[in-house]
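There are 2 protein chains.
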Amino acid sequence: MKIIESDLNSLKRLVQRKTQQLTDLKVEDAVRRIITDVIDNGDAALKKYEAQFDKVDLTEFRLPQATIDAAYDQLDQKVKDALQLAKRNITSFHEKERATGFVDAEQPGVLRGQKLLPLQRVGLYVPGGTAAYPSTLLMSALPAKIAGVQEVVMVTPPQPDGINPAVLAAAKLAGVDAIYQVGGAQAIAALAYGTESIPAVDKIIGPGNVFVATAKKQVFGQVAIDMVAGPSEIGIIADETADPRQLAADLLSQAEHDRRARPILITTSAKLARAVDANVTSQLKVLPRTAIATEAVNEKGFIAVVPQTQDMFELMNTVAPEHLEVQLAEPTQYLNLIRNAGSVFLGKYASEPLGDYVAGPNHILPTSGTARFSSPLGVYDFVKRTSFIQYTQAALKKEATAITTLARVEGLEGHARAIEARFDQYYDTED
Amino acid sequence: MKIIESDLNSLKRLVQRKTQQLTDLKVEDAVRRIITDVIDNGDAALKKYEAQFDKVDLTEFRLPQATIDAAYDQLDQKVKDALQLAKRNITSFHEKERATGFVDAEQPGVLRGQKLLPLQRVGLYVPGGTAAYPSTLLMSALPAKIAGVQEVVMVTPPQPDGINPAVLAAAKLAGVDAIYQVGGAQAIAALAYGTESIPAVDKIIGPGNVFVATAKKQVFGQVAIDMVAGPSEIGIIADETADPRQLAADLLSQAEHDRRARPILITTSAKLARAVDANVTSQLKVLPRTAIATEAVNEKGFIAVVPQTQDMFELMNTVAPEHLEVQLAEPTQYLNLIRNAGSVFLGKYASEPLGDYVAGPNHILPTSGTARFSSPLGVYDFVKRTSFIQYTQAALKKEATAITTLARVEGLEGHARAIEARFDQYYDTED
Numbered sequence: 001m002k003i004i005e006s007d008l009n010s011l012k013r014l015v016q017r018k019t020q021q022l023t024d025l026k027v028e029d030a031v032r033r034i035i036t037d038v039i040d041n042g043d044a045a046l047k048k049y050e051a052q053f054d055k056v057d058l059t060e061f062r063l064p065q066a067t068i069d070a071a072y073d074q075l076d077q078k079v080k081d082a083l084q085l086a087k088r089n090i091t092s093f094h095e096k097e098r099a100t101g102f103v104d105a106e107q108p109g110v111l112r113g114q115k116l117l118p119l120q121r122v123g124l125y126v127p128g129g130t131a132a133y134p135s136t137l138l139m140s141a142l143p144a145k146i147a148g149v150q151e152v153v154m155v156t157p158p159q160p161d162g163i164n165p166a167v168l169a170a171a172k173l174a175g176v177d178a179i180y181q182v183g184g185a186q187a188i189a190a191l192a193y194g195t196e197s198i199p200a201v202d203k204i205i206g207p208g209n210v211f212v213a214t215a216k217k218q219v220f221g222q223v224a225i226d227m228v229a230g231p232s233e234i235g236i237i238a239d240e241t242a243d244p245r246q247l248a249a250d251l252l253s254q255a256e257h258d259r260r261a262r263p264i265l266i267t268t269s270a271k272l273a274r275a276v277d278a279n280v281t282s283q284l285k286v287l288p289r290t291a292i293a294t295e296a297v298n299e300k301g302f303i304a305v306v307p308q309t310q311d312m313f314e315l316m317n318t319v320a321p322e323h324l325e326v327q328l329a330e331p332t333q334y335l336n337l338i339r340n341a342g343s344v345f346l347g348k349y350a351s352e353p354l355g356d357y358v359a360g361p362n363h364i365l366p367t368s369g370t371a372r373f374s375s376p377l378g379v380y381d382f383v384k385r386t387s388f389i390q391y392t393q394a395a396l397k398k399e400a401t402a403i404t405t406l407a408r409v410e411g412l413e414g415h416a417r418a419i420e421a422r423f424d425q426y427y428d429t430e431d
Numbered sequence: 001m002k003i004i005e006s007d008l009n010s011l012k013r014l015v016q017r018k019t020q021q022l023t024d025l026k027v028e029d030a031v032r033r034i035i036t037d038v039i040d041n042g043d044a045a046l047k048k049y050e051a052q053f054d055k056v057d058l059t060e061f062r063l064p065q066a067t068i069d070a071a072y073d074q075l076d077q078k079v080k081d082a083l084q085l086a087k088r089n090i091t092s093f094h095e096k097e098r099a100t101g102f103v104d105a106e107q108p109g110v111l112r113g114q115k116l117l118p119l120q121r122v123g124l125y126v127p128g129g130t131a132a133y134p135s136t137l138l139m140s141a142l143p144a145k146i147a148g149v150q151e152v153v154m155v156t157p158p159q160p161d162g163i164n165p166a167v168l169a170a171a172k173l174a175g176v177d178a179i180y181q182v183g184g185a186q187a188i189a190a191l192a193y194g195t196e197s198i199p200a201v202d203k204i205i206g207p208g209n210v211f212v213a214t215a216k217k218q219v220f221g222q223v224a225i226d227m228v229a230g231p232s233e234i235g236i237i238a239d240e241t242a243d244p245r246q247l248a249a250d251l252l253s254q255a256e257h258d259r260r261a262r263p264i265l266i267t268t269s270a271k272l273a274r275a276v277d278a279n280v281t282s283q284l285k286v287l288p289r290t291a292i293a294t295e296a297v298n299e300k301g302f303i304a305v306v307p308q309t310q311d312m313f314e315l316m317n318t319v320a321p322e323h324l325e326v327q328l329a330e331p332t333q334y335l336n337l338i339r340n341a342g343s344v345f346l347g348k349y350a351s352e353p354l355g356d357y358v359a360g361p362n363h364i365l366p367t368s369g370t371a372r373f374s375s376p377l378g379v380y381d382f383v384k385r386t387s388f389i390q391y392t393q394a395a396l397k398k399e400a401t402a403i404t405t406l407a408r409v410e411g412l413e414g415h416a417r418a419i420e421a422r423f424d425q426y427y428d429t430e431d
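Going line by line, the protein sequences match chains A and B. The C-terminal position of the first sequence is numbered 431 in my numbering, with every residue numbered one higher than the one before it. The C-terminal position of the second sequence is numbered 431 in my numbering, with every residue numbered one higher than the one before it.
Treat the hints loosely; a few may be bogus.
Which copy? The list can't say, so a pair holds if one copy fits it or any two copies do.
Mimicking DMTMM-like on lysine to aspartate or glutamate, the simulated pairs with C-alpha atoms at most 25 Å apart in a straight line are [to be verified]:
#: 1; residue 1: K398; residue 2: D81
#: 2; residue 1: K96; residue 2: D54
#: 3; residue 1: K285; residue 2: E413
#: 4; residue 1: K87; residue 2: D37
#: 5; residue 1: K47; residue 2: D277
#: 6; residue 1: K18; residue 2: D81
#: 7; residue 1: K115; residue 2: D243
#: 8; residue 1: K18; residue 2: D40
#: 9; residue 1: K87; residue 2: D57
#: 10; residue 1: K172; residue 2: D29
#: 11; residue 1: K397; residue 2: D73
#: 12; residue 1: K115; residue 2: E95
#: 13; residue 1: K87; residue 2: D40
#: 14; residue 1: K397; residue 2: D243
#: 15; residue 1: K96; residue 2: E299
#: 16; residue 1: K18; residue 2: D226
#: 17; residue 1: K2; residue 2: E28
#: 18; residue 1: K115; residue 2: D226
#: 19; residue 1: K55; residue 2: E28
#: 20; residue 1: K2; residue 2: E240
#: 21; residue 1: K18; residue 2: E151
#: 22; residue 1: K48; residue 2: E295
#: 23; residue 1: K271; residue 2: D7
#: 24; residue 1: K48; residue 2: E28
#: 25; residue 1: K285; residue 2: E151
#: 26; residue 1: K12; residue 2: D311
#: 27; residue 1: K26; residue 2: D243
#: 28; residue 1: K115; residue 2: E420
#: 29; residue 1: K78; residue 2: E5
#: 30; residue 1: K115; residue 2: E60
If you are wondering where the hints come from, they were derived from the structure by calculation, not from laboratory data. Keep in mind the model is a prediction, meaning the values are calculated, not measured.
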């Protein structure tokens with residue numbers, strides 16, 4: 001790995017990202033046509049695109065419950081136990097994310113408040129092939145269910161050998177209500193607008209290829225969507241007390257995801273930097289996904305050596321990594337210095353894959369520096385709020401002049417008159 | 001207004017929206033070039049576009065504090081009082097929206113939690129001309145400040161006669177930290193990527209023309225953005241006890257905003273429907289913004305007459321209006337029937353403009369049916385969450401098999417090895 005020793009400001013400039021997203025207008029146009037077609041022709045359009053893109057002739061989009069049940073029943077008991085442990089921990093953590101509304105009756109004659117309601121229907125997009133992870137299904141479906149979403153549906157492209165049984169088992173375990181075999185932009189269009197077979201949803205969650213991502217952007221507004229996820233990232237903050245073999249293994253656990261994954265170590269110890277680098281090299285040789293991980297390590301990864309503990313956090317806050325490991329002797333003492341990170345792993349035993357699978361906090365996290373302004377997927381992503389007010393005649397009277405004054409300053413006479421329509425009558429009854 | 005009496009299902013089909021957003025590829029392309037230029041050339045690019053689009057030659061983008069102070073000092077005392085009342089009520093309401101993180105230490109050896117942090121810097125886009133509302137500035141800047149955002153900056157296109165002094169006064173009152181005279185796509189690019197004069201922000205809030213809206217979509221990912229707002233809407237649910245003159249005034253208060261505004265009344269009383277229609281016609285004749293309001297009423301408005309109280313709510317939930325007035329005798333008894341609405345106004349004296357100005361709940365609300373899945377702007381829009389975990393060696397050991405099992409099912413051997421790297425050592429020390 002590149003080892004960089006430099007002053008903090010140069011390092012900060014190095015990690016700052018100014019990426020302009022350049023959409024492909026040809027893809028935009030192709031996706032737009034598919035969406036229009038699905039709006040106009042529903043299931044017939046889905047059938048046509050599935051034949052064209054996935055080379056299948058579907059008579060029925062919905063996967064039979066028996067197929068899902070069989071996948072679950074036939075799953076290896078060890079895998080089933082692991083998924084069940086994950087479900088328990090994800091559930092107990094996410095239940096703490098639940099929020100409630102409030103009522104404020106502090107001013108005479110005034111009732112104000114806010115109520116929270118779950119979204120009614122949510123759609124999960126699960127990509128095909130090896131990118132379909134059972135763990136991700138638990139991480140997306142369970143928070144929706146905990147929020148109180150009535151119906152969680154899943155769409156996924158049909159596969160030559162059938163959909164990955166571990167994914168189907170996870171869907172059953174997470175309480176997914178229906179699975180439809182349809183993928184690509186046409187699946188996103190179906191979820192956004194509904195067809196004869198597939199009900200329209202309120203929010204679409206989940207990653208996909210460029211057609212899926214473009215379709216999600218285009219239907220945004222008709223439905224809600226989650227963030228567009230970038231490649232995985234791990235940032236590690238460590239001092240000389242850390243174990244270089246463990247650090248190297250953690251860096252590679254994220255590097256093996258994607259050629260564009262970003263493994264970063266920031267340390268105060270030049271000795272540790274060299275030891276981690278050596279361990280990365282030797283571990284890469286025996287890693288099954290070595291080609292992917294090597295490219296990520298060489299092209300995107302780096303080790304930065306900085307003078308002080310404080311500097312490690314300051315630089316890492318500029319990176320704003322998806323995953324942040326704090327491998328210091330007393331890691332909880334530094335939580336206050338962390339400003340930008342999706343999920344934080346404190347100490348020697350909080351290895352990042354622990355969070356990917358069973359610890360409970362969500363593994364769907366802000367990538368590409370978006371931890372500056374985004375949160376892990378959570379129960380809060382599946383609820384919405386409605387404010388309400390009720391005033392007595394006397395309470396409205398007290399504030400009426402302020403309202404009509406501001407309305408007239410803004411040139412909105414009709415607004416002022418709506419308030420005055422309450423007071424002509426008030427004065428009438430006073431006469 | 002159109003009065004429609006029909007069965008509930010036909011009415012529901014009538015109000016259901018399937019709108020495909022068709023982006024203008026020429027605008028997309030023009031905006032993309034502007035953004036690239038601002039990334040590459042910073043202030044020089046801003047200066048060029050302000051000369052080109054706003055016909056001004058700026059030497060300094062930042063508005064001097066003296067100009068802002070003078071606008072505030074010279075503001076009519078009545079307007080100042082009104083803005084101050086609004087500020088007090090907005091503050092006391094939004095303070096109740098604050099959330100906190102949590103810590104969960106329920107399992108032996110396991111610490112899990114979530115912390116909340118404010119975004120560091122937020123940018124408010126304020127459109128030029130008559131669309132710049134002081135009330136909207138309070139509604140956007142105050143929740144950011146209450147959330148703890150360190151720096152709230154505002155951008156707005158330079159105006160021939162200077163920026164609206166009521167807007168400047170509201171900015172001062174709301175604690176806006178800096179105002180920059182720059183508008184359009186170039187202003188959005190500056191907020192997203194930063195220039196020599198204008199700092200990059202974490203989130204951009206506020207409405208604008210098609211160039212602003214397109215630019216916001218294009219920079220989404222580099223920064224967070226708020227929802228793209230559509231035309232204003234008011235839905236009123238009323239029975240025969242409601243006052244038709246007040247209802248007509250409330251419908252027109254939203255109709256006067258925009259030719260595409262949507263005033264809707266749903267009632268169980270055919271008699272009330274006719275009376276409101278007559279009042280709308282007579283009030284329109286003497287409304288200053290009659291041309292705008294008349295078009296909204298005729299093209300977008302309607303009155304639906306349904307048989308039962310329950311039906312009014314069911315139909316209105318399909319509309320999912322931005323503003324919902326419940327003009328029934330005992331309006332609080334029906335809060336449970338409301339599923340989709342941005343802000344709810346209960347009873348005779350909760351006229352919609354009360355919420356626009358002084359009541360306190362936010363007036364930046366989900367439009368175009370997006371209340372199905374979105375919330376009013378609030379303190380929660382200016383915070384983000386970070387999860388954290390810490391495990392003891394023993395706690396990790398208990399869950400290690402589950403992690404390595406799932407990692408291998410997903411084909412991610414590096415993930416499994418990162419966990420095992422903790423246990424080789426564990427066994428070493430046991431030897």
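Each hint, compared with the structure:
no., hint, in the structure
1, K398 / D81, "between (63 Å within a copy, 13 Å between copies)"
2, K96 / D54, "neither (41 Å within a copy, 50 Å between copies)"
3, K285 / E413, "between (75 Å within a copy, 13 Å between copies)"
4, K87 / D37, "neither (39 Å within a copy, 48 Å between copies)"
5, K47 / D277, "neither (51 Å within a copy, 47 Å between copies)"
6, K18 / D81, "neither (44 Å within a copy, 43 Å between copies)"
7, K115 / D243, "neither (49 Å within a copy, 28 Å between copies)"
8, K18 / D40, "between (39 Å within a copy, 10 Å between copies)"
9, K87 / D57, "neither (35 Å within a copy, 61 Å between copies)"
10, K172 / D29, "neither (36 Å within a copy, 45 Å between copies)"
11, K397 / D73, "neither (67 Å within a copy, 27 Å between copies)"
12, K115 / E95, "both (18 Å within a copy, 15 Å between copies)"
13, K87 / D40, "neither (40 Å within a copy, 48 Å between copies)"
14, K397 / D243, "between (70 Å within a copy, 18 Å between copies)"
15, K96 / E299, "neither (39 Å within a copy, 47 Å between copies)"
16, K18 / D226, "both (21 Å within a copy, 20 Å between copies)"
17, K2 / E28, "neither (38 Å within a copy, 38 Å between copies)"
18, K115 / D226, "both (23 Å within a copy, 21 Å between copies)"
19, K55 / E28, "within (23 Å within a copy, 33 Å between copies)"
20, K2 / E240, "within (19 Å within a copy, 76 Å between copies)"
21, K18 / E151, "between (39 Å within a copy, 21 Å between copies)"
22, K48 / E295, "neither (38 Å within a copy, 41 Å between copies)"
23, K271 / D7, "within (18 Å within a copy, 78 Å between copies)"
24, K48 / E28, "within (19 Å within a copy, 30 Å between copies)"
25, K285 / E151, "neither (46 Å within a copy, 48 Å between copies)"
26, K12 / D311, "within (10 Å within a copy, 59 Å between copies)"
27, K26 / D243, "neither (49 Å within a copy, 55 Å between copies)"
28, K115 / E420, "neither (29 Å within a copy, 47 Å between copies)"
29, K78 / E5, "neither (46 Å within a copy, 61 Å between copies)"
30, K115 / E60, "neither (39 Å within a copy, 45 Å between copies)"
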